[in-house]
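Work out the full structure, taking the sequences as your base and the hints as a guide.
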Amino acid sequence: MSKASLSKLGDAAFERTDKVSAELLALTYGSFVRQLLIDYEDAEEVNAQLAKMGYNIGVRLVDDFLAKSNAPPCASFADTADIVAKVAFKMFLGVPALVGSWSSDRRTFSLVFTDNPLAEFTELPEKWGGVWYSNVLCGVIKGALEMVQMEVDARFVRCTLRGEDLNEIRVTLLQVLQEKPPVDDE
Amino acid sequence: MATSSGAGVTSTSRSGAGVGSGSRPVGRVACAAVINHNNAPLFLKVFKDAAGSLPRQTDAVVRMQMHEVVYNSLDVVEERLVALRAQSARDNDGFLGCLAVVGPMSLYGFVTNTHLKFIIALRSTGPHDYKDSTVKALFRKLHAAVIGAFLNPFTLPDAPIVSAGFEARVDEIARRFG
Amino acid sequence: MNSARPPPHKRQVAESSLDFLMMQVVTYFLHGPGAAAYVPPVPSAVPDGNALPPPPLLSPADAAAAAAETRRRLEGVGYDVGHRLVERYAVEKERMDSDLEAVKFVCRDFWEGVFKKHVDVLRTNHKGLYVLTDNKFRWLGRVWADEDSEEGGAGAVGADGAEVGGAIGGRGKPEDYVVFPCGLICGALTRLGVRCRVTAEIAGGAQCKFSVQVIGG
Chain A
0 MSKASLSKLG DAAFERTDKV SAELLALTYG SFVRQLLIDY EDAEEVNAQL AKMGYNIGVR
60 LVDDFLAKSN APPCASFADT ADIVAKVAFK MFLGVPALVG SWSSDRRTFS LVFTDNPLAE
120 FTELPEKWGG VWYSNVLCGV IKGALEMVQM EVDARFVRCT LRGEDLNEIR VTLLQVLQEK
180 PPVDDE
Chain B
0 MATSSGAGVT STSRSGAGVG SGSRPVGRVA CAAVINHNNA PLFLKVFKDA AGSLPRQTDA
60 VVRMQMHEVV YNSLDVVEER LVALRAQSAR DNDGFLGCLA VVGPMSLYGF VTNTHLKFII
120 ALRSTGPHDY KDSTVKALFR KLHAAVIGAF LNPFTLPDAP IVSAGFEARV DEIARRFG
Chain C
0 MNSARPPPHK RQVAESSLDF LMMQVVTYFL HGPGAAAYVP PVPSAVPDGN ALPPPPLLSP
60 ADAAAAAAET RRRLEGVGYD VGHRLVERYA VEKERMDSDL EAVKFVCRDF WEGVFKKHVD
120 VLRTNHKGLY VLTDNKFRWL GRVWADEDSE EGGAGAVGAD GAEVGGAIGG RGKPEDYVVF
180 PCGLICGALT RLGVRCRVTA EIAGGAQCKF SVQVIGG
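Residue numbers (numbering that gives the first Met the number 0), protein chains in the order written: chain A, 0 to 185; chain B, 0 to 177; chain C, 0 to 216.
None of these hints come from the bench; they were simulated from the model.
Even for Gly, the Cβ is constructed at its ideal location relative to N, Cα and C.
Check the hints yourself; a few may be wrong.
Which residues of chain A face chain C? A few of them, derived with a C-beta cut under 7 Å, are [what the hints assert, rightly or not]:
1. 16
2. 17
3. 26
4. 31
5. 34
6. 91
7. 102
Structure, rendered in structure tokens:
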């Protein structure tokens, strides 16, 4: 499916779905991140907790996505990338991402987005500079793709809260999984 | 580190014309202050030249003077709030009008439904230099910026607003006002 | 990249995004590492084949205190959100000259912004107690209801006897999902000048009654 049609699919899915204020989501997420920082007092720990939480979300979210998006089956990892960026991002966050920076072996790509509904007004204090504030998204990608038999690594490499111009998540296909029973996510 | 996302602060299309001596343009916004319901200061920014400070006065002195001026005007705010209650709640837009004229400045007040008080000091020759609608528009922008600051999880709503993004927005509001 | 985004207060996301996030937030506080008496799941046996002793049970009083503390922390997150969000919804609204006006605002404009509907019934005894009834509270009967129909293995049992984590992680009871909203309402009202305590009662189905008790004069 062409990128343009995927964009249309994403728009349509977002249009159809029930929506809430982005600020409500951002505040809930932000308050939670701040609480994690109080509880753990360590950027790496918080990054890990956010990724884990994202994973728990991802394994559930994928069903919602498949049911509501009319997304076509992925024929390739490249298809997957486009669907995540143009359909899933748009459907859940209201903003699409761009896919780029493919590695030569076609197993790694970047998701790039400027607007981040989780962090519209967030300013990360300097002492928390090691936190990837929106790390939950990496967990979601990992959890969701695992449910469709792709084990990936997803990590932030650039974040606007750290002074960069863009947000960039680097996604690498580690291996294609065989069908197996539902995973424990604890 | 600070983000300044276009936080819905719409700008009026004023050019940066200001009154001033010499070649440096002086803005008309002398001070913007945000004060909590319990009169604790959350933010106070002085734009020194517009405040009519003397050339040798240090920033700290000017700031202290402005602080005092703003706090004195809170008494008038209280009076106006009492008067406001006599009016219909429907007509409420929070605007308290010109609170005081102090030297080369006129102070205007605004109160939100959440009991935050905003004071803006504008460079003026008297209380009638600015139309109410002009000043109200300024307060709306300041309010939008404050809402944005509260949407930052690392700004605590009852503590002084320490946010590079917020300060940048206030600077921008003042700059665009001219 | 995005040329025509609406202004911040009009931007939206999928409601399911919030639902999924909320489920994890609730789990973290009530049944996960954020709980005051969290006991991480332990392996059922040590390598030499002997079973580990079960984690020490708290006394009922301690367990109750721990459970109350965890609810308080989750409510605190809701408070933080309500406290900030109300600033957005209170702009250019009628002035609220009394507690009743503030509560009505929460029932109308605030509820509209957060839950996309108004509170269905507001009752007061005119002595500082307000009961807000939402007949179809949005955060009940959504994501967690789907969870109940899935299989779920038994997870480790935490100190208060509730399931911790669970094989699918994120199971919870309906009561778990009204703690945050109590905080939300409390935060909003406090910012409007009404200091209060808020509790919730699930009255059957998706009906929820929030009781607001004003504190102080």
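Do the hints match the structure? See the list:
no., hint, result
1, 16, "5 Å, holds"
2, 17, "4 Å, holds"
3, 26, "5 Å, holds"
4, 31, "5 Å, holds"
5, 34, "6 Å, holds"
6, 91, "5 Å, holds"
7, 102, "22 Å, violated"
This entry does not satisfy hint 7, going by the numbered hints stated previously; all others are met.
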